[in-house]
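Trainee: Letter by letter, the chains look like this.
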Amino acid sequence: MLADIWTVFWRDWTVLKHRMTAFILSRMVAPMLYLIAFGWGLGRNIQPTGGGSYIDFLVPGILALNSMNISFNSVTPVHAERVYHKSIEEYIIAPIRPFAYVVGKVLAAVLRGMISSAIIITLAYAFGAHFTITPLFLLVLILNCAVFAGIGFAAAMYLGTYEQMGQVNTYILLPMSFLCGTFFSTRALPDALRVAIECLPLTHTSYLLRGIGSGAEVSMISVAVLAAYLVAVLFISGKAFVNLRK
Amino acid sequence: MIEIRNLRKTFPHKDAQNKNAEKVAVDGLSLTIETGEIFGLLGPNGAGKTTTIRMLTMLTRPTEGEILYDGKRVGDDDDALAIKQMIGVVPQNLNFDQDLTVGENLELHARLYHMSKAERESRIAELLEYVELSGVVNDGVRRLSGGMKRRLLIARALIHHPEILFLDEPTVALDPQVRWRIWELVHRLANDGATVLITTHYIEEAEELCDRVAIMNKGKLIAVDTPKNFISRLGRFVVEWRDDAKRDFRLFDTREDASRFIGTLDTAASIRETNLEDVFIELTGRKEGL
Ligand SMILES: Nc1ncnc2c1ncn2[C@@H]1O[C@H](COP(=O)(O)OP(=O)(O)O)[C@@H](O)[C@H]1O
Ligand SMILES: [Mg+2]
Chain B
0 MLADIWTVFW RDWTVLKHRM TAFILSRMVA PMLYLIAFGW GLGRNIQPTG
50 GGSYIDFLVP GILALNSMNI SFNSVTPVHA ERVYHKSIEE YIIAPIRPFA
100 YVVGKVLAAV LRGMISSAII ITLAYAFGAH FTITPLFLLV LILNCAVFAG
150 IGFAAAMYLG TYEQMGQVNT YILLPMSFLC GTFFSTRALP DALRVAIECL
200 PLTHTSYLLR GIGSGAEVSM ISVAVLAAYL VAVLFISGKA FVNLRK
Chain D
0 MIEIRNLRKT FPHKDAQNKN AEKVAVDGLS LTIETGEIFG LLGPNGAGKT
50 TTIRMLTMLT RPTEGEILYD GKRVGDDDDA LAIKQMIGVV PQNLNFDQDL
100 TVGENLELHA RLYHMSKAER ESRIAELLEY VELSGVVNDG VRRLSGGMKR
150 RLLIARALIH HPEILFLDEP TVALDPQVRW RIWELVHRLA NDGATVLITT
200 HYIEEAEELC DRVAIMNKGK LIAVDTPKNF ISRLGRFVVE WRDDAKRDFR
250 LFDTREDASR FIGTLDTAAS IRETNLEDVF IELTGRKEGL
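Residue numbers (numbering that gives the first Met the number 0), protein chains in the order written: chain B, 0 to 245; chain D, 0 to 289.
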């Protein structure tokens, strides 16, 4: 099982190695813009309620939304492998357990998410942000990557067209990027919306990263919520992969 | 030994009248394929050959019926992993990993079948040599020509020394020399004890390669026999003639019977020995223009 997970991971790692520089450069664009526009530009005039500067408030939010986007989109090529190239059939025929495929893909997406997170952390320090990185901070980031990689995997299994994969980005990930406690506190939202938003995994990640980064006490319940999301999406993804054998 | 019992596969097939209509792809197929034989599955397009192979290789779940490998039923359990380990598949469609090179595609396969680094390296080099692709090992698969892709597909299926090999129309669009090489390879594998199941619509391929042939049409098995028996059963001689620009033919047991029949015709006709193609057309129904 471990060897099979490694095989699946090895494949994604091989592809990533071919394009490492391009991957890193392209992943720097969006966070740079966020940091410049919201951190330097707008942020100068914003005073967060909890004290500190806006850029310190912002960086954990950017880490959360960026790792979500990167991990989700690392898995979207699986859609083409299923629908167009059919290369996924190599794995269905092979003597490996379905779960090894899912876990290998998710781990590869976590790697990409963590590489791009490292880039943002470096940029953020360069922009003068203050936050501390602890093992729990990294664990939360990894959990966040894994949850959204799992969601990306399930989407790649269930959605029919590549266009629909794009719609998940536009109608689900993009709104979450802005609303889940990333750029502003969810307290600013109307109650009904706020409750819904606070159930989403990205909101838990934003608050956890911000809390841990500033040295505050954080709720372990949020960590448990992320872990529960992960178990659920891995289960759904595993089922979906098995059901490819129609 | 592979036993196929009453295998059936239907696909949902919505049409204007009936939302729950079904398309029957394979319809009550029963077959036994002996260890070490080269078995041919022959049939026109849409006969259900690919669907049968997909069920045998666990890509598709049968709607009904069962498949046994050496007495072990195919399911989702551990046995299936053991069965999968000994199967090699050359699919009808090219399904390479488009983001990997030729060599990496082969390495991925070798890793999926649990080969050690040393085994992988020597086996991949050996097969690339055999299918004459050593020179493109570092090229992306997208850059290969159609024939090169087919050869790579076959090399990939053989990496882990499968005991059972499924080939779904493996020589489509290949040059005659390459086709010969592949036939030679299949013979060699069978001599080494492998079981081979090959689908084809090149009749000469089946005639050249197969110990036994099953003829399928519209999802149903029509007949199974050796190519020789098919011919002697249906008649070793063919009388061919043209009727209003349409070709027609009839099979006879002896040359004398055939000659006598020609005497009764009022058009020019010829006699020749029966080949598998005649058998195929006789059994799957004559098409317009034949
Ligand atoms: N995934 C599928 N969905 C719907 N119909 C299918 C599917 N696969 C095959 N069929 C149908 O089943 C029949 C048999 O197809 P196939 O097994 O590919 O035949 P062959 O390989 O002998 O040409 C065809 O009529 C085909 O259209
Ligand atoms: Mg076919």
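A few of these clues could be false.
[As the list claims (entries may be wrong)] Simulated crosslink set (DSS-like; lysine-lysine; CA at most 27 Å straight-line):
{"hint": "1", "chain 1": "D", "residue 1": "Lys245", "chain 2": "D", "residue 2": "Lys13"}
{"hint": "2", "chain 1": "B", "residue 1": "Lys245", "chain 2": "D", "residue 2": "Lys71"}
{"hint": "3", "chain 1": "D", "residue 1": "Lys148", "chain 2": "D", "residue 2": "Lys116"}
{"hint": "4", "chain 1": "B", "residue 1": "Lys16", "chain 2": "D", "residue 2": "Lys217"}
{"hint": "5", "chain 1": "D", "residue 1": "Lys18", "chain 2": "D", "residue 2": "Lys245"}
{"hint": "6", "chain 1": "B", "residue 1": "Lys85", "chain 2": "B", "residue 2": "Lys16"}
{"hint": "7", "chain 1": "D", "residue 1": "Lys22", "chain 2": "B", "residue 2": "Lys245"}
{"hint": "8", "chain 1": "B", "residue 1": "Lys245", "chain 2": "B", "residue 2": "Lys85"}
{"hint": "9", "chain 1": "D", "residue 1": "Lys116", "chain 2": "D", "residue 2": "Lys71"}
{"hint": "10", "chain 1": "D", "residue 1": "Lys219", "chain 2": "D", "residue 2": "Lys13"}
{"hint": "11", "chain 1": "D", "residue 1": "Lys217", "chain 2": "D", "residue 2": "Lys227"}
{"hint": "12", "chain 1": "D", "residue 1": "Lys148", "chain 2": "B", "residue 2": "Lys85"}
{"hint": "13", "chain 1": "D", "residue 1": "Lys217", "chain 2": "B", "residue 2": "Lys245"}
{"hint": "14", "chain 1": "B", "residue 1": "Lys245", "chain 2": "B", "residue 2": "Lys16"}
{"hint": "15", "chain 1": "D", "residue 1": "Lys71", "chain 2": "D", "residue 2": "Lys245"}
{"hint": "16", "chain 1": "B", "residue 1": "Lys245", "chain 2": "D", "residue 2": "Lys219"}
{"hint": "17", "chain 1": "D", "residue 1": "Lys18", "chain 2": "D", "residue 2": "Lys227"}
{"hint": "18", "chain 1": "D", "residue 1": "Lys245", "chain 2": "B", "residue 2": "Lys238"}
{"hint": "19", "chain 1": "D", "residue 1": "Lys22", "chain 2": "D", "residue 2": "Lys219"}
{"hint": "20", "chain 1": "D", "residue 1": "Lys227", "chain 2": "B", "residue 2": "Lys85"}
{"hint": "21", "chain 1": "B", "residue 1": "Lys238", "chain 2": "D", "residue 2": "Lys227"}
{"hint": "22", "chain 1": "B", "residue 1": "Lys245", "chain 2": "D", "residue 2": "Lys18"}
{"hint": "23", "chain 1": "D", "residue 1": "Lys219", "chain 2": "B", "residue 2": "Lys16"}
{"hint": "24", "chain 1": "B", "residue 1": "Lys238", "chain 2": "D", "residue 2": "Lys219"}
{"hint": "25", "chain 1": "D", "residue 1": "Lys22", "chain 2": "D", "residue 2": "Lys245"}
{"hint": "26", "chain 1": "B", "residue 1": "Lys245", "chain 2": "D", "residue 2": "Lys13"}
{"hint": "27", "chain 1": "B", "residue 1": "Lys85", "chain 2": "D", "residue 2": "Lys217"}
{"hint": "28", "chain 1": "D", "residue 1": "Lys245", "chain 2": "B", "residue 2": "Lys85"}
[Said to hold, decoys possible] Derived coverage of chain D by chain B (criterion: at least 3 residues anywhere in the stretch with Cβ under 8 Å from a Cβ of chain B; other residues may be distant):
{"hint": "29", "stretch": "191–199"}
{"hint": "30", "stretch": "258–265"}
[Unchecked claim] So, partial list: chain D residues that the calculated Cβ filter (under 10 Å) puts toward chain B:
{"hint": "31", "residue": "Arg60"}
{"hint": "32", "residue": "Ala79"}
{"hint": "33", "residue": "Lys83"}
{"hint": "34", "residue": "Leu99"}
{"hint": "35", "residue": "Asn104"}
{"hint": "36", "residue": "Ser133"}
{"hint": "37", "residue": "His160"}
None of these hints come from the bench; they were simulated from the model.
Ideal Cβ positions, reconstructed from N, Cα and C, are used throughout, including at glycine.
Trainee: Compare the structure with each hint and give your call.
Mentor: Consistency of the hints with the structure:
1. Lys245/D / Lys13/D: violated (37 Å)
2. Lys245/B / Lys71/D: Holds, at about 21 Å.
3. Lys148/D / Lys116/D: Holds, at roughly 24 Å.
4. Lys16/B / Lys217/D: The given pair, whose Cα atoms are some 48 Å apart, is violated under the 27 Å limit.
5. Lys18/D / Lys245/D: violated (40 Å)
6. Lys85/B / Lys16/B: Given pair Lys85/B, Lys16/B holds - Cα atoms ~23 Å apart, limit 27 Å.
7. Lys22/D / Lys245/B: Roughly 14 Å separates the two Cα atoms, so the pair holds.
8. Lys245/B / Lys85/B: Holds. Lys245/B to Lys85/B sits at ~14 Å (cutoff 27 Å).
9. Lys116/D / Lys71/D: Not OK: Lys116/D and Lys71/D at ~31 Å, beyond 27 Å, violated.
10. Lys219/D / Lys13/D: Roughly 22 Å separates the two Cα atoms, so the pair holds.
11. Lys217/D / Lys227/D: Between Lys217/D and Lys227/D the Cα gap is close to 24 Å, so the pair holds against 27 Å.
12. Lys148/D / Lys85/B: Satisfied, since the Cα-Cα distance of roughly 15 Å is no more than 27 Å.
13. Lys217/D / Lys245/B: Holds: Lys217/D and Lys245/B sit about 21 Å apart, inside 27 Å.
14. Lys245/B / Lys16/B: Not satisfied, since the Cα-Cα distance of roughly 34 Å exceeds 27 Å.
15. Lys71/D / Lys245/D: violated (50 Å)
16. Lys245/B / Lys219/D: holds (21 Å)
17. Lys18/D / Lys227/D: This hinted pair is violated, its Cα atoms lying about 46 Å apart.
18. Lys245/D / Lys238/B: violated (55 Å)
19. Lys22/D / Lys219/D: Status holds; Cα separation ~13 Å.
20. Lys227/D / Lys85/B: Violated. Lys227/D to Lys85/B sits at ~38 Å, over the 27 Å cutoff.
21. Lys238/B / Lys227/D: violated (48 Å)
22. Lys245/B / Lys18/D: Measuring from Cα to Cα gives roughly 19 Å; hence the hint holds.
23. Lys219/D / Lys16/B: violated (49 Å)
24. Lys238/B / Lys219/D: violated (32 Å)
25. Lys22/D / Lys245/D: violated (32 Å)
26. Lys245/B / Lys13/D: Answer holds: Lys245/B to Lys13/D is near 17 Å, not above 27 Å.
27. Lys85/B / Lys217/D: Cα-Cα ~25 Å, so holds.
28. Lys245/D / Lys85/B: violated (42 Å)
29. 191–199: That given contact is violated, which follows from only 0 residues of the stretch 191–199 of chain D lying within Cβ reach (below 8 Å) of chain B.
30. 258–265: Coverage by chain B is violated here, the residue count being 0 at a Cβ distance below 8 Å.
31. Arg60: Nearest chain B Cβ about 5 Å off; hint holds.
32. Ala79: Hint on Ala79/D: holds, closest Cβ of chain B at ~8 Å, below 10 Å.
33. Lys83: Because about 4 Å separates Lys83/D from the closest Cβ in chain B, which is inside the 10 Å limit, the hint holds.
34. Leu99: Since the shortest Cβ distance to chain B is 7 Å, the answer is holds.
35. Asn104: For Asn104/D, the interface hint holds, since the closest Cβ of chain B sits about 9 Å away, which is under 10 Å.
36. Ser133: violated (20 Å)
37. His160: Cβ of His160/D sits 13 Å from chain B, so the hint is violated.
In summary, the structure is inconsistent with hints 1, 4, 5, 9, 14, 15, 17, 18, 20, 21, 23, 24, 25, 28, 29, 30, 36 and 37 from the numbered list given earlier, while agreeing with the others.
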